[in-house]
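**Q** For chain A, the structure is supplied; the task is to place chain B on it using the hints.
Those sequence lines, one after another, are chains A and B. Sequential numbering of the first sequence, starting at 1, is according to full-length UniProt numbering. Sequential numbering of the second sequence, starting at 1, is according to full-length UniProt numbering.
Because the hints were derived from the structure by calculation, they are not lab data. Only a predicted model underlies this, so the values are computations on that prediction, with no experimental measurement involved. Each hint should be verified, as a subset may be incorrect.
So the derived label-pair ranges between C-beta atoms look like this [claimed, not checked]:
{"#": "1", "chain 1": "A", "residue 1": "D317", "chain 2": "B", "residue 2": "A242", "range": "43 to 53 Å"}
{"#": "2", "chain 1": "B", "residue 1": "D40", "chain 2": "A", "residue 2": "P368", "range": "23 to 33 Å"}
{"#": "3", "chain 1": "A", "residue 1": "P368", "chain 2": "B", "residue 2": "P131", "range": "25 to 35 Å"}
{"#": "4", "chain 1": "B", "residue 1": "D40", "chain 2": "A", "residue 2": "T130", "range": "16 to 26 Å"}
{"#": "5", "chain 1": "A", "residue 1": "T130", "chain 2": "B", "residue 2": "R154", "range": "38 to 48 Å"}
{"#": "6", "chain 1": "A", "residue 1": "V113", "chain 2": "B", "residue 2": "T246", "range": "50 to 60 Å"}
{"#": "7", "chain 1": "B", "residue 1": "D360", "chain 2": "A", "residue 2": "G348", "range": "51 to 61 Å"}
{"#": "8", "chain 1": "B", "residue 1": "P210", "chain 2": "A", "residue 2": "V113", "range": "20 to 30 Å"}
{"#": "9", "chain 1": "A", "residue 1": "Q318", "chain 2": "B", "residue 2": "G32", "range": "22 to 32 Å"}
{"#": "10", "chain 1": "A", "residue 1": "G155", "chain 2": "B", "residue 2": "R197", "range": "51 to 61 Å"}
{"#": "11", "chain 1": "A", "residue 1": "G264", "chain 2": "B", "residue 2": "P368", "range": "54 to 64 Å"}
{"#": "12", "chain 1": "A", "residue 1": "D342", "chain 2": "B", "residue 2": "P210", "range": "26 to 36 Å"}
{"#": "13", "chain 1": "B", "residue 1": "D328", "chain 2": "A", "residue 2": "G34", "range": "39 to 49 Å"}
{"#": "14", "chain 1": "A", "residue 1": "P347", "chain 2": "B", "residue 2": "A242", "range": "35 to 45 Å"}
Backbone N, C-alpha and C define an ideal beta-carbon position, used for all residues, glycine too.
There are 2 protein chains.
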Amino acid sequence: MVDPREPIPAQTSAPPGRPVDRDTIEGLPTVGDGSGLSPDERFYREEVQLALRNRGMPLEALRYPITPTGLHYLVIHFDIPNITPDDFHLTVGGLVANPLRLTLADLQARPSVTVAVTLECAGNGRALLTPRPTSQPWLVEGVSTVEWTGTPLRGLLEEAGLDTRAVDIVFTGLDWGVQGGMVQAYQRSLSREEAMRDDVLLAWAMNGEPLPPQHGFPLRLVVPGWYGMTSVKWLTDISALAEPFTGYQMVGSYRYSQSADDPGEPVTRMRPRALMIPPGIPDFATRTRVVKAGRVALQGRAWAGRATIERVEVSTDQGATWAEAELDPAVSPVAWRGWRYDWDARPGRHTLAVRATTADGETQPLTPPWTHQGMGNNVVQTVDVIVV
Amino acid sequence: MVDPREPIPAQTSAPPGRPVDRDTIEGLPTVGDGSGLSPDERFYREEVQLALRNRGMPLEALRYPITPTGLHYLVIHFDIPNITPDDFHLTVGGLVANPLRLTLADLQARPSVTVAVTLECAGNGRALLTPRPTSQPWLVEGVSTVEWTGTPLRGLLEEAGLDTRAVDIVFTGLDWGVQGGMVQAYQRSLSREEAMRDDVLLAWAMNGEPLPPQHGFPLRLVVPGWYGMTSVKWLTDISALAEPFTGYQMVGSYRYSQSADDPGEPVTRMRPRALMIPPGIPDFATRTRVVKAGRVALQGRAWAGRATIERVEVSTDQGATWAEAELDPAVSPVAWRGWRYDWDARPGRHTLAVRATTADGETQPLTPPWTHQGMGNNVVQTVDVIVV
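If we strip away everything but chain A, and leave its shape as in the complex, we get:
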């Protein structure tokens, strides 16, 4: 396992990167008053700075069942590392009988699968909360679906001889930075059971091409059904632990908590959500939609991480009444499905809304579920439309 106290590996030291030691950083500024919350509707400069780095999927791209590569949403916790593929290797260690050290070619020689996976950021919907947690300020655009190609993690763990005492598997990326005052490589873990599922992949290709730098080149984890923070990019090490992993991204972030002091519950699988392709044409500055009166085919996509989507409903009267949408088959067992609903648009202003319900009865809330970190807010999307 990579020790965050070690120097930053040379390959992450993008031109002038240099190692720093943990706990030696004084004077780091905070966002706003440092409470992690914005007192009002307006946004801090630091939130905008994150939005300019981390991209959303423009909602009209919901038209594509498979998101074109450059349109996939993006969260980069630290910097995109500068990795030389010839120097790259993946290590598998900790509680295993046969530690492994593999090149990309070694991995690509293993059995491979290609599958369309819907990934969504756990913070999607954060900026719809009041007060607003100050982090990446997603409205609803932090979701996409692409085809990943890679080899199942399970086979690799079996080859390494995963010890029966192992309870957590830790995944370490090559991106380094400071968060919560701690110098760290990005690290997330999965329980042994989740890691041994058949559908967890070590992926080297996205839509049939090598991973772009910003999506984890040359190798990333892909964990279908879970929010995206679990699918560790720039993956360099896999370690099996005898005790639960307590890294920052497990215990300090990605928690459903009510305050800074509340440990809360861990964020895991995606809650159900449906989104609509905004109809008509946009106003540049406000993105308000302008639609000509008459029949309008509303369309979009819906997904969830725990159970399949069974129902999508549309409201054209600000949530007063709901009507069933038609559903397309899912793009894959772990990807979104399309929906459509014909709307007879009458002149005037309208607020459209859409909500999804899973086969086990979980449905999107009409009011946002507030948490201190703004995780898993799957409140129904609303779209303001002027019909002319």
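**A** Below, chain B without anything else, positioned relative to chain A:
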């Protein structure tokens, strides 16, 4: 020439797009008080919404001489249109002897060139202004360089028999929306002289691949040296006019003006700018850099649209003193060039800065040049660093 009063072409009517008539839209909301300016440092929701759609290039990607495709900065005025390549054609008309109607294959059968071009958004730097014009809130990340492949525009205009009376050439994209209260397709023009330059391209490939949807698939204009608004995406029509073109994007936007009423001067070529790869590692929320004491190789890139970059200077003391950086050759005659400067980093807080000067003596200002639309703000970049 496309008439904005005509219905939206079917191919732009992404699932539910519908035509609307000009001047029939009532009740469009405004951003803030509608003045186009923010009264203070904090940001409106609409600005954040634009930042989430329009992506910046993460500054660590300055390491790449050719920006990987999915990292190129992005401005989409309206929606990404949904274009079926089989239905696509480019028309060339207006004051020409032989109007043309060409398929993509027709264009690709013509002589082609590939060239690396640095493009920058004219609004880059807007969010560094006080008061702040409320539009896409760029800090400094609205710039990239890729290799475009296409056929010179000049040959096509010659084949069409451009009339000697033509003074402006209008380029129309397939993206429709509302801006300044007007329904419009995105349209920009070039003077006859600029349009007939050898290096203006009709491009169908980016870094050797077909254009991605968000970058203008299947065809876009690429005008080296000019700010990016000129390089019209989703190009469908080229028309020669006997009089200056007065479309919204020429007279209502992209102006160096001092107030909403001031017509100002048109925005044309890129002003000089240098940017630095932020050294060390980032703090997640604030992007403050943490660097270990010792020699740090500061690096970055510089460009300009009117003359070549002749000098880049670095300041490590908040602009009090400046030292010359070493320069690499330009990536192409119309692309940025690399620079490097070794810094002996001593513990404490530092503000780094970098500025570029062209061969004709134009240098970056130390205070932002304010304009009502926030155009061409090439104030020197500053980077806050904590050395440990």
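**Q** All hints, please: hold or fail.
**A** Do the hints match the structure? See the list:
no., hint, in the structure
1, A:D317 - B:A242: 43 to 53 Å, "51 Å, holds"
2, B:D40 - A:P368: 23 to 33 Å, "26 Å, holds"
3, A:P368 - B:P131: 25 to 35 Å, "31 Å, holds"
4, B:D40 - A:T130: 16 to 26 Å, "20 Å, holds"
5, A:T130 - B:R154: 38 to 48 Å, "56 Å, violated"
6, A:V113 - B:T246: 50 to 60 Å, "57 Å, holds"
7, B:D360 - A:G348: 51 to 61 Å, "56 Å, holds"
8, B:P210 - A:V113: 20 to 30 Å, "27 Å, holds"
9, A:Q318 - B:G32: 22 to 32 Å, "24 Å, holds"
10, A:G155 - B:R197: 51 to 61 Å, "57 Å, holds"
11, A:G264 - B:P368: 54 to 64 Å, "43 Å, violated"
12, A:D342 - B:P210: 26 to 36 Å, "33 Å, holds"
13, B:D328 - A:G34: 39 to 49 Å, "41 Å, holds"
14, A:P347 - B:A242: 35 to 45 Å, "39 Å, holds"
In summary, the numbered hints that this structure violates are 5, 11.
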